[in-house]
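Number of protein chains: 4
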Amino acid sequence: MNPHLFDDDDYALGTLCNPDPRVRSKSLGKLLEGVDIASQVGASVLSLWFADGTDYPGQDGFRIRRQRLQEGLGRVYQAMPPGLRMVIEYKLFEPGFYHMDLADWGGSYMLARALGDRARVLVDLGHHAHGTNIEHIVALLLMEDRLGGFHFNDRKYGDDDLTVGAINPYQLFLIFCELVAAERDPRTSASVRQVALMIDENHNLKNPIEGTIQSVLALQVAYARALLVDYQELASLQAGAEVIRAEECLKDAYQTDVRPLLREVREEMGRDPEPLESFRRSGYMAEIARRRGA
Amino acid sequence: MNPHLFDDDDYALGTLCNPDPRVRSKSLGKLLEGVDIASQVGASVLSLWFADGTDYPGQDGFRIRRQRLQEGLGRVYQAMPPGLRMVIEYKLFEPGFYHMDLADWGGSYMLARALGDRARVLVDLGHHAHGTNIEHIVALLLMEDRLGGFHFNDRKYGDDDLTVGAINPYQLFLIFCELVAAERDPRTSASVRQVALMIDENHNLKNPIEGTIQSVLALQVAYARALLVDYQELASLQAGAEVIRAEECLKDAYQTDVRPLLREVREEMGRDPEPLESFRRSGYMAEIARRRGA
Amino acid sequence: MNPHLFDDDDYALGTLCNPDPRVRSKSLGKLLEGVDIASQVGASVLSLWFADGTDYPGQDGFRIRRQRLQEGLGRVYQAMPPGLRMVIEYKLFEPGFYHMDLADWGGSYMLARALGDRARVLVDLGHHAHGTNIEHIVALLLMEDRLGGFHFNDRKYGDDDLTVGAINPYQLFLIFCELVAAERDPRTSASVRQVALMIDENHNLKNPIEGTIQSVLALQVAYARALLVDYQELASLQAGAEVIRAEECLKDAYQTDVRPLLREVREEMGRDPEPLESFRRSGYMAEIARRRGA
Amino acid sequence: MNPHLFDDDDYALGTLCNPDPRVRSKSLGKLLEGVDIASQVGASVLSLWFADGTDYPGQDGFRIRRQRLQEGLGRVYQAMPPGLRMVIEYKLFEPGFYHMDLADWGGSYMLARALGDRARVLVDLGHHAHGTNIEHIVALLLMEDRLGGFHFNDRKYGDDDLTVGAINPYQLFLIFCELVAAERDPRTSASVRQVALMIDENHNLKNPIEGTIQSVLALQVAYARALLVDYQELASLQAGAEVIRAEECLKDAYQTDVRPLLREVREEMGRDPEPLESFRRSGYMAEIARRRGA
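Taken in sequence, the protein lines are chains A, B, C and D.
Each number in the working numbering corresponds to the 1-based position in the first sequence with 574 added.
Each number in the working numbering corresponds to the 1-based position in the second sequence with 574 added.
Each number in the working numbering corresponds to the 1-based position in the third sequence with 574 added.
Each number in the working numbering corresponds to the 1-based position in the fourth sequence with 574 added.
To be clear, the hints were calculated from the coordinates, so they are not data collected in a lab.
Among the hints, erroneous ones may be present.
Note that the list lumps identical chains together, so a pair holds whenever it fits in one copy or between two copies.
Distance condition first, Cα-Cα at most 20 Å in a straight line; then the derived SDA-like pairs of lysine to any residue [stated by the list, open to error]:
1) Lys600 to Glu807
2) Lys600 to Ala770
3) Lys600 to Ala813
4) Lys600 to Ala815
5) Lys600 to Gly814
6) Lys604 to Glu645
7) Lys604 to Leu689
8) Lys604 to Ala863
9) Lys600 to Ser618
10) Lys600 to Gly616
No experiment lies behind these values; they were computed from the predicted model shown.
Just chain A, with the same shape it has in the complex (with noise of 0.2 Å):
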């Protein structure tokens, strides 16, 4: 659901969970309308993050602003067609300062298993505390067919919304990696191809089409890493217990230089191996700004 459907003074206590009956109800409409407009055009992927949370102790009871997380979301899951799923993202903090009513993925879990088979956890890189291990629950969810999705981004501090990988690339690529390993398990196939990626950032500073270019560029160089890993060869190095052996088989495929290969696999496709210099070489952006001076 997009937020800027919410985005009025009425829902500074929240939507959903909002204490006032009314802006419940006011924020389930906007919700159903949001399923009708995907029924209409086929989407397969309903994504909903919440701005719900407090900001005091005391302002509002965890457990009844959970009941009528509960109870809205039961009516928007059961208005939705049988071909769309539904993902629930969550975010540690911000807006809410003191809590978010899906603040972690144990609680879009709690409520995904509540609502039903077609309702999955999305994972954003940059909504977690510090020292959270994101593979891990990439690993955890995909086990239960719960992964819904990604928000692709990275951050150093909160929610950052930086370009995907410009922080921390190695994490980025132990992601791609159980993904790979996940779609080679023929008991978790099925559940990494219900996975929707998108990519979540904000280019304060960049172009913003460059910013993205430079983003599935990062993306395309972390999932061709991840398809190097020998992964049998991981899982036998594992059962023997060869620790450093076992770290150096992820590590060697991180370390391998994968852009020429990318380039390669570009050219054969037809398009420019050099996505980012392309654009730049295209004149769009210059035709653009000429076109909407004019």
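With the hints as your guide, set chains B, C and D onto chain A.
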């Protein structure tokens, strides 16, 4: 399960999650032994924390370790007599420095659900990432009847095992408010009664008996303050979006000096009103030292 | 310096640290204008926070930016009339998401020393990494006569700008204990008198006047409790390594309900003993609303 | 100073900061002994880390402890022969769980300045709060000629002492970029040459020799990549506010596979191009085991 039972080199790569089937089997044996002891002594709670985790990316597979854990605990669960509950602790890090197999409440909750109704989650106050809202987790678990117990302590950094209430006594009060409010709510009162309250601290610099008395006193203060809150009034302020008044409703109770009341209660019960002073006056430490010297 | 003075696109890459000399010069002009205003109104403190930082590794050079900052501030410092002090704030992150040019107290302190005796460090309670011991920083800066002031507020996550004392009131008390103890120590008492106490909060969900009254009350409570501590007794317990007794010496003061005392003091001063209730009864908000409506 | 020298109960409340003058004097004696040994063996660096801190608010006074530390280290500094430099480490927490007397770079820097020109700051990569930008600290200390050295390692949570580069190899590269750039800048090149590079890790699960070889290889990779950066080109992109191109300038170097180059260099030096494999083939471990068994 007592972690000392596992204290040898065999367990460097884990217990139930260990890649070596021999070690897994040995671990399972110890756990079943624990169930046996619990049965014999008529214990009602089997409290489990697993030191399982990895130090390096690639060291072992997240999913295969989870599967081993689930299989092993399934065996333990099946062996439990009807009156025994299992509470499953989680911990962000240490001894695992890259991942812990049970790293957060979501991981323990997912496992508890897979096992059955008598498996619950144990919340150790020191085992969370910075910024985690623990009282929110408590509320969510109570709603689902999955809160198994607490390990009370406090921390400023990692798992510091300091005296409960020593760093953030307001947080402790807010946790007790969740317990008291849930106890008074017919939908959750049974759930609260299942919660095992334990102290888990490390008295490096304190006389351990005095440190324990200090902890019990801190818990009594937090509990007494939480009992002073008018939860009906609070709910009504929350429903009316009275943010400041609702917050002040909690702060009023928190700022009340409950020590005179607690002293009175102790006197009514025929106890010394000042337990710490009383212990110091008792000469117990000197007596113990004398006996051990002899 | 008021950040609004800088609020246009020119400053996306910084103010005094900006790679563009024209923007640096414009920033310097605004700062010198601020000094001029401060002189005219006879202000004693020039409080500076710089939104300067970068979002991406490589975006700009740390050292060259530092040099620009030091040169620019050197000019500002030289322009200050003798009665004016400069206090330099720091902030872990935001708006810079990869680095802030003044990210921690060390960075502000190093700069203050380079500038001269009238440059000091401003501590905003919400601008630290998780786990930072703020009261320790306060003590170190007081020792070196470099504590310039506070921005009081509270936070659970990032720079949340919540009402001071709303999340961790014990920490606030401990900060006041450092101030009171240093005030009573002849070696630091002059240093304490230089400290400017300011509230810097964001009342999203609260009536801003009520939120400010609430903050002043929280500061009075913390200060009154800190005044109750017997610092000579505390020092003597510390010298004797009486860890528990020394801790309890602080906790006793903290657990005292100082609200009756504060009410009494207000009455003696001819003020309403309950400022928040008094403001609500005053009808001021309704009057303002009526006038603004008219 | 080797921490083992301090390893007895006397030091539970600190070494040079201890409230007991007898323990402070004993600590000072050990430190002066260290200076003596350093003189005799012609060491150039005296590397000091202090386990001093407190566990509870009120346990001891921040300012009095600081004074003791400064006095004690002043004596050590005066005893140092001219060729010896002192490097002062800091650490966020542990063993102190409420405060560490030297908790951050600001604290070590302030002390180093008070001591004299031959006192510098040691940066241990694992001793920072989450979110700290270490490469920025490195740059600031280099500018002031106060960077004394590194303890290389990596961490995901606390002071995990993992193999350097194991968690965030990009951060390691960025630190080396600061070193290389500063080395090429005439204003800081002398400052860089004073920096002592040390590995400080804990190989729980790894053969310690293999773990050390792995660490040296990771450092060589980071350094070689940092040498590939064109710092003049980078500075020119930065001056032109080319955010993406400047970032890509670093990323290009980082993504280059420098292992073939490093192998070549080793061969030119007459060394084995694959040190880890070479060590494994050498039979050294078996030989050592045989000898120790005998």
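Q. Which of the listed hints are not met by the structure?
A. 1, 2, 8, 9, 10
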